[in-house]
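Residue numbers (this note's numbering), protein chains in the order written: chain A, 218 to 446; chain B, 3 to 817.
It should be emphasised that the hints constitute simulated quantities derived from the structure, not laboratory data.
We treat Cβ as the ideally placed atom computed from N, Cα and C, and that holds for glycine.
Treat the hints with caution; some may be incorrect.
Unchecked claim - Just so you have them, the derived chain A footprint on chain B, three or more residues with Cβ under 8 Å:
hint	region
1	32-39
2	48-59
3	624-631
4	682-696
5	699-706
What the hints assert, rightly or not - In silico PhoX-like links for lysine-lysine, alpha-carbon gap of 20 Å or less:
hint	chain 1	residue 1	chain 2	residue 2
6	A	Lys278	B	Lys139
7	B	Lys84	A	Lys251
8	A	Lys403	B	Lys340
9	B	Lys84	B	Lys156
10	A	Lys339	A	Lys329
11	B	Lys368	B	Lys340
12	A	Lys280	B	Lys745
13	B	Lys343	B	Lys368
14	B	Lys717	A	Lys278
15	A	Lys428	A	Lys403
16	B	Lys121	B	Lys325
17	B	Lys745	B	Lys717
18	B	Lys121	B	Lys293
19	B	Lys36	A	Lys403
20	B	Lys36	A	Lys376
21	B	Lys507	B	Lys496
22	A	Lys309	A	Lys278
23	A	Lys354	A	Lys329
24	B	Lys145	B	Lys125
25	B	Lys507	B	Lys293
26	B	Lys717	A	Lys251
27	B	Lys278	B	Lys135
28	B	Lys84	B	Lys145
29	B	Lys712	A	Lys278
30	B	Lys714	B	Lys582
31	B	Lys717	B	Lys797
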Amino acid sequence: MSKTFFIDTSRCTACRGCQVACKEWQGFEANYTKQLDWGSHQNPPDLNHLNYKVVKFTEFKIKDRVFWNFFPDSCRHCTEPPCKLAADGHVKDAVVIDPATGAVIFTDKTKKISEDGFLMIKEYCPYNIPRRDPETKLINKCDMCLERVEVGQVPMCVKTCPTGTMNFGDRGKMIALARERLAVVKEEFPEATLLDEESVRVIYLITHPRKMYPHFAQLDEHRKNASLA
Amino acid sequence: MTNSWIDIKNTDCCLIIGSNAAEHHPICFKWVLKAKEERGAQIIHVDPKFSRTSARSDFHVPLRSGTDIAFMGGMINYVLTKEKYFKEYVNDYTNASYIVNSRFSFNNGVFSGFNPKTKIYDKSTWQFEKDEKGAVKRDPTLKNPNCVFQLLKKHYSRYTLDKVSAITGVSTANLLRVYEAYAATGVRDKSGTILYALGWTQHTVGVQNIRTSGIIQLLLGNAGVAGGGVNALRGEPNVQGTTDHAVLYNILPGYLPLPRANMPTLADYNKAVTPKTVLAESVNWWGNRPKYMTSFLKAYFGKNATKENDYGYAWLGKGDAPKSERDGDYSFLYCYEKMAKGEMIGGSIWAHNPCQSIPNSNNIRKALCNLEFMYSAEIHHNETTDFWHSPGINPKEVKTEVFLFPSCHRLEKEGSISSSQRMIGWHYQAADPRGDSRSMGQIMIDIVNRLIKLYKKEGGAFKEPLVNLNWYDKYDANEIARRINGWFTGGPNKGKQLSGFNDFKDDGTTASLMWLAAGSVTPTENRLKKTSLKQTEVQKMTGIYPEYGWTWPMNRWILYNRASVDKNGQPWDPTRPIIKWEDGKWIGDVADGGAPPLAMKGGKNPFIMLPDGLGQLYGTGLVDGPFPEHYEPTETPVTNHGFSGQLRNPCAKIVPGDKIAPAGDSRYPIVLTTYSLTEHWCGGSETRMVPSLLEAEPQLYVEMSHELAKEKGIKNGDPVILESIRGQVEAVAMVTVRIVPFKVQGRTVHLVGMPFAFGWTKPGIGDATNRLTLYTGDPNTSIPEYKACMVNIRKADKNALKELSYTEIKGGHHE
């Protein structure tokens, strides 16, 4: 049975549990970070080869009401991954799909992909996910904690999440849950939507239109949006 | 908490005030979300800044830090004038009808009996009028001008919407929005819960802040019911365990008052601290105090404690009887004053980082240099273990001999931990301690054993308190848990564990290190280790899990639950029963006392820990007044507040000689509030050493509004310097819509906020925020006013950076 995540951002408190648990499980070292000049708690500022998951913050005001939206970003495990399409043109089976779960896995073979090849893979991804380790040349991203899932456990981010933001299970069940939650959330946020639920295995529920999230707009454009009055 | 974490899901209206619940209790916050999702509860967040809690609340109301009593006073006024209170509950379960001494008065912000020299109230005019039998006189019609109800109305009649709005910076629209929503819970089938934390306690009016919630919850019938209660969100450093076991100067374990010098014998102590009642319908549970005190002494001194020697009472340290605000106050407020004056020889600092976490850190760091010796137990080096290397201190001039014992991590030992809902659970050892590190318990045991040996060998002044201890060789959490529960030291059950409160005696045949835990480690099982989700049908209705861990007292989840039923023992709201009288017994939660309902023969009042068993709308127990009254924080942007001529809490504790900015000082016009983070733990000395946590929150910043940033020419990411009259701190500017300017008395007052997790022992991330804050304390608890002091802010220029270069923080650019 193929697997799917449902991420209900209307419940997220940006505790960063998922972000930290993910890299602890993977055994990654920490990046040296600084408090940046964009007024955000978001750190590291973006996904990188040592962070498969980063909680992204976006704040804005509508009339007098402040909104602070949280988006725990990571790979969507697309049902028809464009990254695989691009990678197959460079090194066959560098990117594979796990038949049982549908997880999109970047293998060790990605080390052999040229720099141009990597840039192409990155561009093909609609969500700007793939990253490369500058030393080993391994291209990496979320692997759905496949070794956990294979023994009946949930991915580390899902296990850690305290609020029910992160959900994981059989695709049918997760899609049903997503639709159920959307109906409820829409009562408070009429513009709430699910993102690309047909084509991804990581379905986000967001409370505001997608262009108001930094992921889907250039950062500068987003900051212009941040002063909506 | 009077209720439980899970119980929050039962509420209809969750008021989060003086708390950032989502950020500091991220896991338990899920119950707030469940209340919203499963019950349609309204979540209201009232707090100076818009935080991650506000993001998940239905609406956020910004409030100037230090004006919570004005805000809640306005709510009390609203509830009383609109008659939103739960009449039956107020009549039957509170002291609304009690008549107060006619000489009680309140004039211009000060209650009767104040002595300005000692800053202590003579409470004789606050007392209730009693009849010839000793029972308090009452007016059940609640019309007598000296009855509590009328005094309450009169006191809060000054807290009009306009006055509250002018001083808090909250619009009258927002005030009404909160008051209406919350007051709607004053009916039998609706309940409201108040969640608070250090945003309330860390003020010179801290305890009175909390008193406002007690009054509101009693008026609305929310105390003791499902989804109600007065809920202190504790946790992080095991604060619940800390207070239970009295890692505090003013109590003994189990909240027994500290014996004072004017109580030379155990009988004197018992007489002074054991309340009495003449009411047949009052349980007056603290009437059992002598049993708990004797059992505590017996546990402490074992076989050496006998009836003849007063069970070793003479070997307990005694405090001075307070004649002024400073006497008998052994909080760190005055400890550090003694240190600074060179009046302290030495001592130990355990799992505590005062050079980072105590206000006026510059002074604290200097004060430690006067000690002859200091020893500390810590996992990591921090600003206190290495205090003589503090920036600005020359190590060559420090003569203190410092010892550092390597403590293992809490995951490297087993033991119990207590959550905010009084549930005690168990954690197991996950890894072996590394190198020479050992548990703090073992370190303490070893030190005391060596002291005992030395005393036995060399003698010394007053060795009895140590050599007579019923002590240990090895730190064994299981053995200590057994002793905490208590055991029989005599009688037919000698050697067996106590099963509960009813086993306690005052004749030396029982012993217990903390009476409230009785029942947790029984003759047959250690209930702290239980993890079963088994529950009855009634318990399922509100989410009580009696077989998961063990909740004091007596595994009762909801305190004062006798107030959740009417006089016949039937729940106000049958859809959320906490207890219910059925077939001659109580079902559901453990009833607060097994007596039958109040209307039946032998029935009892619900608030069993009070002498008369009635909730106190008016209470004489606090040192600064029977009613909460708005006073400004010690450092304030205003010179008057409109409720009276008394600007500040007349009883607030201040360290003489400390620098305090005058009210309305134009040099320091900005309010500073300080707080913790999700990603860092308190002062940060442990979490700064966890790379993936530091990655998420790397450096000290100051959150400010766009308006203030524009005024000061500060851009996001600029290094800035904050300055109070006490010190300066460098931080990275975080300019955000989540902080707004306040309109106070017609003018703009800015507020900024800073975390305090970044210290100099980790280079490049910043140094103690508390170099700015002020060492002024609540008069009941001496807790410092971390949440409000006055500062100014400016862009840091290169020269200033050089001066402060030891804390140089370089922010970065996003790509």
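So, going through the hints one by one against the coordinates:
no. : hint                : result
1   : 32-39               : holds (count 3)
2   : 48-59               : holds (count 6)
3   : 624-631             : violated (count 0)
4   : 682-696             : holds (count 4)
5   : 699-706             : holds (count 5)
6   : A:Lys278 / B:Lys139 : violated (56 Å)
7   : B:Lys84 / A:Lys251  : violated (52 Å)
8   : A:Lys403 / B:Lys340 : violated (60 Å)
9   : B:Lys84 / B:Lys156  : holds (14 Å)
10  : A:Lys339 / A:Lys329 : holds (15 Å)
11  : B:Lys368 / B:Lys340 : holds (12 Å)
12  : A:Lys280 / B:Lys745 : holds (18 Å)
13  : B:Lys343 / B:Lys368 : holds (11 Å)
14  : B:Lys717 / A:Lys278 : holds (19 Å)
15  : A:Lys428 / A:Lys403 : holds (17 Å)
16  : B:Lys121 / B:Lys325 : holds (9 Å)
17  : B:Lys745 / B:Lys717 : violated (23 Å)
18  : B:Lys121 / B:Lys293 : violated (34 Å)
19  : B:Lys36 / A:Lys403  : holds (17 Å)
20  : B:Lys36 / A:Lys376  : holds (18 Å)
21  : B:Lys507 / B:Lys496 : holds (13 Å)
22  : A:Lys309 / A:Lys278 : violated (48 Å)
23  : A:Lys354 / A:Lys329 : holds (8 Å)
24  : B:Lys145 / B:Lys125 : violated (24 Å)
25  : B:Lys507 / B:Lys293 : holds (5 Å)
26  : B:Lys717 / A:Lys251 : holds (16 Å)
27  : B:Lys278 / B:Lys135 : holds (13 Å)
28  : B:Lys84 / B:Lys145  : holds (17 Å)
29  : B:Lys712 / A:Lys278 : holds (17 Å)
30  : B:Lys714 / B:Lys582 : violated (61 Å)
31  : B:Lys717 / B:Lys797 : holds (9 Å)
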